[in-house]
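Undergrad: Chains A and B, in that order, give the protein sequences.
Okay, so the first sequence: first residue is 1 according to my numbering, each after it adds one.
Okay, so the second sequence: first residue is 1 according to my numbering, each after it adds one.
Certain hints may be false.
Claimed, not checked - For lysine-lysine, the following BS3-like pairs were computed, each having C-alpha atoms within a straight-line distance of at most 30 angstroms:
id	chain 1	residue 1	chain 2	residue 2
1	A	122	B	267
2	A	117	B	336
3	A	122	B	291
4	B	258	B	231
To be verified - Some, not all, of what chain B presents toward chain A, calculated at C-beta under 8 angstroms:
id	residue
5	10
6	11
7	13
8	14
9	17
10	34
11	37
12	51
13	53
14	54
15	80
Think of the hints as simulated: they come from the structure by calculation, not from any bench.
Quick caveat: nothing in here was measured; it's all calculated off a predicted structure.
All C-beta atoms in this analysis are idealised placements derived from N, C-alpha and C, irrespective of residue type, glycine included.
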Amino acid sequence: MTDIAQSLARIVGEAYVSNHPEEAYFYARDPGLMPHHAPDYVVVPETVEEIQEIVRLANREKVPVVPMGAGLALTGLVIPLRGGIVIDMKRMNRILSVNETGRHAVVEGGTSQGYLKAYLEKHHPRLRHSIPDSPATATIAANVMIHGQGRLTQQYGFNSDMICGLEVVLASGEVCCIGSCALSPDWFSKGPPLPDLTGLFLGWFGATGIITKVGVKLYPRKKMRDVEIFITDREDLVPEMIYELTHTEMVEDINVFAQPKPMIFKDNHHITLFFTGDTDEELEFKRKTIWHALDRFIQSKDGGFMGVAPAMKPTLLDMPQRSVSRFADVTRGGGFEYSGPIIMVDKYPACAHKILELAEKYDLGYSGMARIIGRSHCMMYGFAFTFNRADPDMMERTRKALHEVSVFALEAGGVFWKATVDEQRMAMEKMDPTTLSLMRMIKEQMDPNGIMNPGNWEVTKV
Amino acid sequence: MKYADIVHRCFRCGYCKFTSDYTDFNCPSYRKFRFETYSPGGRMWLIRGWLNGDIKNSERFQEILFSCATCANCVEHCVFAFSDDLVNIFVAAREELVAEGLVPPPVRDYLKAIHVNGNPYKLPASERGKWADGTGLEAYNGQDYLFYVGCVGSYDERAVKIARAVGTLLAKAGLSIGILGEKETCDGNEVRALGESGLFENLAGQNIQTFQDLGVKKIITLDPHAFNVFKNDYPSLGGRFEIYHYTQVLGPLIQAGKVPLKECPLKVTYHDPCYLGRHNGEYQAPRSILKAIPGLQLVEMDRHGENAFCCGGGGGNFFTDILGKGQESPARLRVKEAAETGADIIAVACPQCAKMLEDAVKSEELEDRLKVMDVAEIVTGCLL
Numbered sequence: 001m002t003d004i005a006q007s008l009a010r011i012v013g014e015a016y017v018s019n020h021p022e023e024a025y026f027y028a029r030d031p032g033l034m035p036h037h038a039p040d041y042v043v044v045p046e047t048v049e050e051i052q053e054i055v056r057l058a059n060r061e062k063v064p065v066v067p068m069g070a071g072l073a074l075t076g077l078v079i080p081l082r083g084g085i086v087i088d089m090k091r092m093n094r095i096l097s098v099n100e101t102g103r104h105a106v107v108e109g110g111t112s113q114g115y116l117k118a119y120l121e122k123h124h125p126r127l128r129h130s131i132p133d134s135p136a137t138a139t140i141a142a143n144v145m146i147h148g149q150g151r152l153t154q155q156y157g158f159n160s161d162m163i164c165g166l167e168v169v170l171a172s173g174e175v176c177c178i179g180s181c182a183l184s185p186d187w188f189s190k191g192p193p194l195p196d197l198t199g200l201f202l203g204w205f206g207a208t209g210i211i212t213k214v215g216v217k218l219y220p221r222k223k224m225r226d227v228e229i230f231i232t233d234r235e236d237l238v239p240e241m242i243y244e245l246t247h248t249e250m251v252e253d254i255n256v257f258a259q260p261k262p263m264i265f266k267d268n269h270h271i272t273l274f275f276t277g278d279t280d281e282e283l284e285f286k287r288k289t290i291w292h293a294l295d296r297f298i299q300s301k302d303g304g305f306m307g308v309a310p311a312m313k314p315t316l317l318d319m320p321q322r323s324v325s326r327f328a329d330v331t332r333g334g335g336f337e338y339s340g341p342i343i344m345v346d347k348y349p350a351c352a353h354k355i356l357e358l359a360e361k362y363d364l365g366y367s368g369m370a371r372i373i374g375r376s377h378c379m380m381y382g383f384a385f386t387f388n389r390a391d392p393d394m395m396e397r398t399r400k401a402l403h404e405v406s407v408f409a410l411e412a413g414g415v416f417w418k419a420t421v422d423e424q425r426m427a428m429e430k431m432d433p434t435t436l437s438l439m440r441m442i443k444e445q446m447d448p449n450g451i452m453n454p455g456n457w458e459v460t461k462v
Numbered sequence: 001m002k003y004a005d006i007v008h009r010c011f012r013c014g015y016c017k018f019t020s021d022y023t024d025f026n027c028p029s030y031r032k033f034r035f036e037t038y039s040p041g042g043r044m045w046l047i048r049g050w051l052n053g054d055i056k057n058s059e060r061f062q063e064i065l066f067s068c069a070t071c072a073n074c075v076e077h078c079v080f081a082f083s084d085d086l087v088n089i090f091v092a093a094r095e096e097l098v099a100e101g102l103v104p105p106p107v108r109d110y111l112k113a114i115h116v117n118g119n120p121y122k123l124p125a126s127e128r129g130k131w132a133d134g135t136g137l138e139a140y141n142g143q144d145y146l147f148y149v150g151c152v153g154s155y156d157e158r159a160v161k162i163a164r165a166v167g168t169l170l171a172k173a174g175l176s177i178g179i180l181g182e183k184e185t186c187d188g189n190e191v192r193a194l195g196e197s198g199l200f201e202n203l204a205g206q207n208i209q210t211f212q213d214l215g216v217k218k219i220i221t222l223d224p225h226a227f228n229v230f231k232n233d234y235p236s237l238g239g240r241f242e243i244y245h246y247t248q249v250l251g252p253l254i255q256a257g258k259v260p261l262k263e264c265p266l267k268v269t270y271h272d273p274c275y276l277g278r279h280n281g282e283y284q285a286p287r288s289i290l291k292a293i294p295g296l297q298l299v300e301m302d303r304h305g306e307n308a309f310c311c312g313g314g315g316g317n318f319f320t321d322i323l324g325k326g327q328e329s330p331a332r333l334r335v336k337e338a339a340e341t342g343a344d345i346i347a348v349a350c351p352q353c354a355k356m357l358e359d360a361v362k363s364e365e366l367e368d369r370l371k372v373m374d375v376a377e378i379v380t381g382c383l384l
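This is chain A alone, in the form it adopts within the complex (with noise of 0.2 angstroms):
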């Protein structure tokens, strides 16, 4: 073992210490198209002080340091990109505590999405939390950090809004609370009424500190769920729809897909509402007034509601959807990739027809999906397509694909979700100069010698 590895192995035990070829094999990729760079040493440490300790090792000796969840954002973000140590987190997934009246939780950093619903599920029947549709072994921490969005992204907006708290360790090694937490023993507010801090470290993908305990807003969980889905070949009218929709607020959460697989989806918009309650009357009663809003639409024959098959309702009602990951396997490759950036609703049509275009353009299967965050106020738009992992001409032309629907999000007024390193560099050449300035103050003060995921959001110019 090198002095680093001993180090470490001191700080969380031998055998939660890897310098070996294997682990730097697995770690050094993401389930994504990003090139891959091999970490020196792999942790999997169990408590807040052991990240201190190995923060304040990292800072001694100069060494990157790279927190990683489950590793799913699939755009190379936990990829360390200079070497050095990747923390895995999923050994910190304790359940710290759940108010049930105060409707929050307090999650370690390496908790997964799906642990927390199956203990609300036993634990606090009532209550539940905005559950993204990547697979469940992504973690709470690593979702918020991106922004992710979940089954109540409509109704509240980023999953990073819906938190009450964040503890940080900081570059030097300090843990820091974030909101509330900093001054009381509850966890009810992210910031207001302080100044909100936890903009320095959400969407900063680990570049400026590594967020170990999140407090999680929890909200009603009705006894019914149910889902219907309104067809239309109409792109251009898809936003129309959506106003409509959102005005309802009966929703629990709107998606959009196309896609050509299977052939009966082809050529048509799937706007897909989710809605709850606790008792028939209150679900029918959303139903009609789901279906009442899309009236107009019905009677002008641009689209209907499909009746959803029983045998197709637990597939769709399903948290998180499972068949989101069977996409990478269409092309019997085991492969997918989108691009999702976030952007304006009434892009919508022009993100139906590029996906179509560049799907055309570089022969790729791919599946578009929008949802809908807030009221509106815009969506995720996710340009997906699969991609044969053995094949590395069409990985080349997903990569081409993807790198078109950059060019193409930027300049429609979109802005990059968990951007790449590539995105992250024409996100910040197009970023007004005083922003990017402020970026650029903020990561130096924050991390003085450049070792938090060094190479991502790094202001190399002004």
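Starting from the structure of chain A, add chain B where the hints point.
TA: Positioned in the frame of chain A, the structure of chain B alone reads:
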């Protein structure tokens, strides 16, 4: 390597690590080691890297491959179309390592012992039938059923008690059974799982010949591992017999009133053996026996049935101990989970699980609260 055309199809989404409701990580080796490399997805990616020459066969690589307990949790929960082949892929990779002669020493020693002695304990075949001394069980000579005990039931001190309990119960219920005694040899389930396919075929061929020579038609196994290999692997080698795990036979005998039972106010939780449960879909037979005992309260652990957490003994680990001991060992985690139910007894239906969990109960210092008993032992204690 067999399945080389599949390994690149793993997306490493991680569903394979969980239970179906995400209560906990449920892959024994991932739960123990906590590096992604020890998860099913990690193995898939590493096998691909190894096939591509990006990584080499090393001690670490061997540990990663051979720590898999072949519990099939990944098969149960992987979302992809190739899920059924996951364990087969890991076994195929082990076969390649065995062919190279580069395997962990305990694996080598186990396989050599089987090759030389026909059992991993390096004990003579003449002692194989000693477990039945005093039970009145007779050598097989055309009875309705052959009662196949296996290496663990024949030689392991703890498992011998279970074999005796099962054999005695079945005979007492009037079932026509016979045993092989010293003619019995290893069933080969673990040999196959550890990747020694040649030795496995020899063992299977030898067993099939023995069974056929004796005119065996129906076999009752003590051990789910033997049940699995007889049922699923022997037919393709010409060995077609009616195969039962003993719980599948004992249950109907109890229902038919041939095993009269008294009131037994026990609180019991049942641990599903992977080779009876996930590998063969038999979850109810042992439970129906327990439920038939008057006064017995059956309480389930969070992880049961398709979601049961493996004791860590499968895939040869019972003998090789590659998964290892310590506080995070699957067996110790499992007995703590059992204790949380408030049960007095962990019921098992597998001699390997019995041994693994009993050791874990001692390590966790739970002996005062929790006892590990085979279903047959519980029934024996409740006989009228």
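Undergrad: Look at each hint and say if it fits the structure.
TA: Now the hints, each set against the structure:
1. A/122 to B/267: 22 angstroms, holds
2. A/117 to B/336: 22 angstroms, holds
3. A/122 to B/291: 25 angstroms, holds
4. B/258 to B/231: The given pair, whose Cα atoms are some 27 angstroms apart, holds under the 30 angstroms limit.
5. 10: 6 angstroms, holds
6. 11: Holds, about 4 angstroms.
7. 13: With Cβ-Cβ at 4 angstroms, under 8 angstroms, it holds.
8. 14: With a minimum Cβ separation of about 3 angstroms from chain A (threshold 8 angstroms), the hint on residue 14 of chain B holds.
9. 17: Since the shortest Cβ distance to chain A is 6 angstroms, the answer is holds.
10. 34: Hint on residue 34 of chain B: holds, closest Cβ of chain A at ~5 angstroms, below 8 angstroms.
11. 37: At about 5 angstroms, which falls below the 8 angstroms cut-off, the nearest Cβ of chain A leaves the hint on residue 37 of chain B intact, so it holds.
12. 51: 11 angstroms, violated
13. 53: 12 angstroms, violated
14. 54: 6 angstroms, holds
15. 80: 5 angstroms, holds
When each numbered hint is compared with the structure, violations occur for hints 12, 13.
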